[in-house]
Structures are given as C-alpha cells and as structure tokens.
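Colleague: Keeping their order, the protein sequence lines are chains A and B. Using the working numbering, you'd call the opening residue of the first sequence number 242 and step up by one each time. Using the working numbering, you'd call the opening residue of the second sequence number 817 and step up by one each time.
Simulated from the structure, these hints should not be mistaken for laboratory data. Heads up, a few of these hints could be off.
Simulated restraints on C-beta separations [said to hold, decoys possible]:
| no. | chain 1 | residue 1 | chain 2 | residue 2 | range |
| --- | --- | --- | --- | --- | --- |
| 1 | B | ILE1018 | A | SER397 | 25 to 35 Å |
| 2 | B | THR1095 | A | LEU481 | 43 to 53 Å |
| 3 | B | MET817 | A | GLU357 | 38 to 48 Å |
| 4 | A | ARG323 | B | LEU1088 | 30 to 40 Å |
| 5 | A | THR448 | B | ASP1103 | 39 to 49 Å |
| 6 | B | ALA922 | A | VAL478 | 23 to 33 Å |
| 7 | B | ILE1018 | A | GLU396 | 13 to 23 Å |
| 8 | A | ALA272 | B | ILE993 | 51 to 61 Å |
| 9 | A | ALA272 | B | MET817 | 41 to 51 Å |
For each residue, glycine too, the CB sits at the ideal point set by N, CA and C.
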Amino acid sequence: MKALALLLGLLVAASAAAQEERVIAALSQRAVGITATFTGSEIFIYGAVERGRFPDVRDDELDFVITVTGPRGPAPVRRKSRVLGVWTNTATVEIDEAPSFYAVAASGPLDEVLSETEDLRHRITIDKAVRVVGAAGPDADPADFQKALIRLRRESGAYAQSVARVQTIGRTLFQTRVDLPSNLVEGDYAARVFLLRDRKVVDVFETRIEVRKVGMERFLHELAFDQPRLYGVLSVVIALIAGWIASEVTRLLRR
Amino acid sequence: MQIYLPIAELSVNAFLLLGIGAGIGMLSGIFGVGGGFLMTPILMFIGISPSVAVATGANQLIASSVSGVLAHFRRRTVDIRMGVVLSLGGAVGSGLGVELFQLMRALGQVELFVALSYVIFLGGVGGLMLKESVGALLKARRGAPAPRRHHGWVHGLPFKMRFRQSKLYISAIPPFIIGMGVGVLAAIMGVGGGFLMVPAMIYLLGMPTAVVVGTSLFQIIFVTALTTYLHAAQNQTVDAVLALLLIVGGVIGAQIGARIGVRIRAESLRILLALLVLTVCGKIALDLVVTPTELYSIGAGPAK
C-alpha cells in the first residue's frame, strides 16, 4: 500500500514537472550605491522561461510583467484649501502603504495582460501597490488623496508604469530596463518578474536590489541619524572654521 | 555637476548651489546683512524641504557671521558684554523656536508657519526701513542731521548694566528680550535676524551705529550655532554638504559685494535693502494668496 502511494506521488510530481513553467531572471545590478555624484541609474532585467519541453505555438501567448518596488511606508498626503484668504494645508489623509519608488513594465497593455483578480492578489499596477486602508477624516475622500500621491510621484519620476517595455525574444527570453531616478531613497528594493498566461500568473520570480548610500554620503547620513549631537557639533565647528579661514584669506588678499 | 545631498536626499547641481551662495554672499557684502531671509526661500524654491532649508540656512550663517565679526573685532566695534546678554536671550529664544518648529512640523503646517513669519517680519521691517531711510534721505537733502531717538521706558527697568563700548548704562532686560525674539526667528525662519536686531539696537536701546553691526554679528554666531545644533540633534535636518557649498559660494560673493558696497551711499543702500526685503515678502505673500496649481502635497513620513 505504501509503495503504491509513493509510486502515485512520483507520477503526479513527474506530470506536474512536465507542465510547470518557471521564470528565472537576473539583474545587471544587485546593489545600487548612492554616491555624492549619483544621478540615477538603470537596471537591466533579463531572464528566461524554464520548461520541460521545447517551446511551441502555445508559448506565443506568454506575457511578462516586471515590477520594482522601493521601501514601503506610510505617507501623509495633505490638501490645501483657502482659509481666511490664505492657502493652507487643511486636510490630511495618511496613505497606509506607499512604496517610495515603483516601476511596472509589461509586455503589453496591462489590462490585456493581467486580470483584475491577479492584479489585486499580487498588487501589480500602481493603483493597487499604493494602499489606503484606514478611515479618512469627515471631509476627505481617501481615493482623491491616493490619486494625488500617485500623480505627484509619477511627476517626480518615482512612479512609472510603462507598457511594452518588456521585450520578448523568441518564446523564452525577455528583457527590460528600469530607470532609477536620482532622488532615490535608501533601502531594499524588490524586483518581481511575473510570468502570465491567459491573464493569469503562472510563476513569480522575486529578488532584491540593495540601494545604499556609500562613501561620504553614507558616513554623513549615518552620523546625522545615529549621533545627531555629534553631527550638530561638527556642523557648527566646520562652519566656524570656514568663517575663520574666509576672514584670514580675505586679509591676505587685501595686503 | 550634480551632487547628491545626503540629508535633503536629492540631487542638485553643485554650481547652482555655489551660485546661490555667491549671489546671497554678494548681497550680504553690499548691505551688511546675513541674507538668511533670502537663502531659506530660495532653497525651498529649488526643492529642498522647509525643515532642511531652515536648519541648513542657519548653519551657513555661522560661517558668514564669523568672518564678518572678525573684521569688526579688529576694528574694536563689538560690544562683547552686550553681545553676551543678547546671546543669552538668543539661547532661550532659539530653544523655544526649535520646539515650536517641531510642533508645526508634526501638525503639517511648517510651510504656512514659515511663510507667515516671513510675510509678517519682512513686511514690517522692510516697510519701516523704507519709510525711515526715505525720510533720512530727504532730510539729508535738506541738510538736517537725523536725530538719534531714545525710548524713556527702556531706562526705567531694573538690572542695570554698564555697556562701555556702547556708552550705555541700561537694564539688561531689553537686550535679553530682543535677543530672545531674534533667537526664535533664527530657529523658525533660518535667519540670523540682523535685519530685525540692528534697528532694535539703534532705536530701542539707543546703541551707537558703529558698534551695532559687529555686536549683532557676534550674537548671530551664538544663536545660529545653537539653532544648527538643536535642529541637527532634534530634527536631523542639517545638510552638511549643502551648507558647505553655500558657505564656499557665500565667502566669494561677500568679497565682491563688500567692494561694491563701499561705492554706494548709505541711505541709498538702505532703500535698496528695504526694497529687496519687501520684494521677497511680496513674493511669499502672493504665493499664499494665489490659487496654487497643485493642491496636494506629500508630507514627510512620521518620525520613526
């Protein structure tokens, strides 16, 4: 009886392996260093579909969606209105979870490539990646604030949704480029590659990109946040010395 | 050449920052003011958050005040005793100001708070300065010297002290309060407060004009140093790279400015400065009133 069960199990596993399609991907950079002269970066993501058979016509319907997500966190969004003739922030909605950076690239128009349920489950499009859960104030509709956050971040280049930027080669290979802007926030970025068939996610490949300040930038930032008192004293001392040097140089020049 | 600012967390052209520093340094060289009231709005305009702009502006002012005060020390035009009293008041005010700033940041009203402070103080001081200097200019044309005014009530207060350099024997309370007021302003506006302190010293305390600028610079060093330290320690908003670029630009600009300044008449200088102050004030006031193109903004994340 035991032997039979084992045999059955093996058979099931073998047939699953035959049908299973897996996506594997690689990145041109696994780590991005923010240096003093950092002006943005480009990450090249490429990979292939792994399957237990030769590609055929069935594989023409394959689609790819690639996302890169920056560190997530809450973000307060504020709206101005006129109070006593002056424009001031009057309403605030805390967006519960908004990535600092988000890029989506797909091999076709997202609504054709991806079903609504899959989008909801994996939170792929920008609208789904930015989440508002909490109740809003009495006079504010959180959806407006979510839209505003997405619009502002799209304008600043932090969010990007681009269609047809994933190129497929043959029936197996794919590649895309993701632009990282210069005003990048430090943290772990997640790169996800979705393999889709009939608007359903078949497989997901996930990897991490480390974005870190390096060199002087790292040193200063760490000092400022880990030892704020020392940093404060140093800022003052440097300015005092700079002022003194300036005065001495001036005196020498006047002579 | 783009440079990434570690605290402001954005990439800005280094030459733009040097240029801003030089431009403001030049104006401060011409007019003998720190120029903080121009620096903070300009930094905000190029995309630096109000908190970082205010704190870093204060840091930059330390350097320009030090190089200014050293020149005054050589000419013996600093009333150290008065400067110490003003600085003590400044220390109290600066602490209050940083607390107030933190509160406004938590409420999400920093922008409005900073902008309103600017409109009120620049508008007030600019207006008074313009009125006074136009008056002085007209009187000078008619040949009558401008009288030095004294406020009687200032001399009736206790804790009298002798300020030898200023040739004054007055209570320590008015200078302490003036210092405190300037300390609050330094913390919330990122300014040295010279534009406010100089008239206050002349008209409220009756100090001789010769020692006013040096003494105010002396006090500004203490207040801006303390403000920088408090902002760095409590809000982590001092950007050292930004400050250094502004300092270098400012030093060069101040030299050019000082040379231009000696060629312009004092009264004309005051009128020009008043107009400059009023222009900045008007621009900020306009931004408050005109319907903005973008009603929404993303605030900084809550404190971790």
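Colleague: For each hint, tell me whether it holds in the structure or not.
Modeller: Status of the hints after comparison with the structure:
One distance hint, 25 to 35 Å for the beta-carbon pair ILE1018 (chain B) and SER397 (chain A), is violated here, with the actual separation near 47 Å. THR1095 (chain B) and LEU481 (chain A) have their C-beta atoms about 32 Å apart, which leaves the hinted 43 to 53 Å range violated. At about 47 Å, the beta-carbon gap between MET817 (chain B) and GLU357 (chain A) stays in the expected band of 38 to 48 Å. The supplied range of 30 to 40 Å is met by ARG323 (chain A) and LEU1088 (chain B), whose beta-carbon atoms lie about 34 Å from each other.
Distance hint check: the CB atoms of THR448 (chain A) and ASP1103 (chain B) are about 45 Å apart, consistent with the given range 39 to 49 Å. Restraint check, ALA922 (chain B) to VAL478 (chain A): a C-beta distance of roughly 30 Å satisfies the suggested window 23 to 33 Å. For the pair ILE1018 (chain B) and GLU396 (chain A), the supplied restraint of 13 to 23 Å is violated, since their beta-carbon distance comes to about 48 Å. For the pair ALA272 (chain A) and ILE993 (chain B), the beta carbons lie near 55 Å from each other, so the given range of 51 to 61 Å is met.
Separated by about 24 Å at the C-beta atoms, ALA272 (chain A) and MET817 (chain B) break the suggested range of 41 to 51 Å.
In summary, the numbered hints that this structure violates are 1, 2, 7 and 9.
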